[in-house]
Amino acid sequence: MTRKSAVVTVGAVALASLGLYAAAEDDDHDYAGVCVDEATQRRVADDQCDGNHGSGFHGGRGWYFVPRGTAAPAVGAPVSGGSFTAPPRSQSWGTGFRSEGGVVTRGGFSGHGFSVGG
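Residue 1167 is where the sequence shown starts when you use our numbering, and the numbers rise one by one after that.
Certain hints may be false.
[As the list claims (entries may be wrong)] Ranges between beta-carbon positions, derived for each pair:
no. : residue 1 : residue 2 : range
1   : Gly1226   : Ser1256   : 29 to 35 Å
2   : Gly1247   : Glu1204   : 26 to 32 Å
3   : Ala1240   : Glu1204   : 15 to 21 Å
4   : Gly1225   : Ser1265   : 16 to 22 Å
5   : His1224   : Thr1271   : 17 to 23 Å
6   : Gly1225   : Ser1256   : 15 to 21 Å
7   : Asp1194   : Gly1247   : 29 to 35 Å
8   : Ala1237   : Asp1194   : 14 to 20 Å
9   : Ser1256   : Thr1206   : 27 to 33 Å
10  : Ser1221   : Gly1242   : 21 to 27 Å
11  : Ala1211   : Ser1246   : 15 to 21 Å
12  : Ala1211   : Ser1256   : 17 to 23 Å
13  : Thr1251   : Gly1225   : 26 to 32 Å
Derived from the structure by calculation, the hints contain no laboratory data. Positions of the beta carbon are idealized from the N, C-alpha and C atoms, including for glycine.
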């Protein structure tokens, strides 16, 4: 690979990554899915729930669904204001909600989005 093609490739990958990040930030989900430790009922890093795309606990971790307009807990804080039951079929939820917590609003997600059904 020549130097010019390497620079073009790296530049294209960087632009594509920025585009994906921007698209994730603009996601308009009805619920934030935050990962929770089953034993402590506290939020843990979302990557601990990778591979779990719905309700229930797998390996002691599971998604907790916090509706828009409600405060999601920070990593390490106990959960409240949401449910371990997946949202209604007509709703969507997203992962990657900011680790410091806060009110779930439009955007603010850096992970994946899921449609529950339909």
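Taking the hints in turn, this is what the structure says about them:
Here the CB-CB span from glycine 1226 to serine 1256 is close to 30 Å, well matched to the stated 29 to 35 Å. Checked against the hint of 26 to 32 Å, the C-beta distance between glycine 1247 and glutamate 1204 comes to roughly 18 Å, which is inconsistent with it. As the Cβ distance of alanine 1240 to glutamate 1204 is approximately 18 Å, the hint placing it in 15 to 21 Å holds. The supplied range of 16 to 22 Å is met by glycine 1225 and serine 1265, whose beta-carbon atoms lie about 20 Å from each other.
Evaluation of the 17 to 23 Å hint for histidine 1224 and threonine 1271 yields a failure: the beta carbon distance comes to about 28 Å. Between glycine 1225 and serine 1256 the beta carbon distance is about 29 Å. The supplied range of 15 to 21 Å is therefore violated. Remark: the range hint 29 to 35 Å for aspartate 1194 to glycine 1247 is contradicted by a beta-carbon distance near 20 Å. For the pair alanine 1237 and aspartate 1194, the supplied restraint of 14 to 20 Å holds, since their beta-carbon distance comes to about 18 Å.
A hinted range of 27 to 33 Å for the beta carbons of serine 1256 and threonine 1206 is consistent with their spacing of about 32 Å. Serine 1221 and glycine 1242 have their C-beta atoms about 23 Å apart, which keeps the hinted 21 to 27 Å range intact. At roughly 19 Å, the beta-carbon separation of alanine 1211 and serine 1246 lies within the given 15 to 21 Å, and the hint holds. A hinted range of 17 to 23 Å is violated for the C-beta pair alanine 1211 and serine 1256, which are about 29 Å apart.
Threonine 1251 and glycine 1225 have their C-beta atoms about 19 Å apart, which leaves the hinted 26 to 32 Å range violated.
Consistency note: the structure conflicts with the earlier hints numbered 2, 5, 6, 7, 12, 13.
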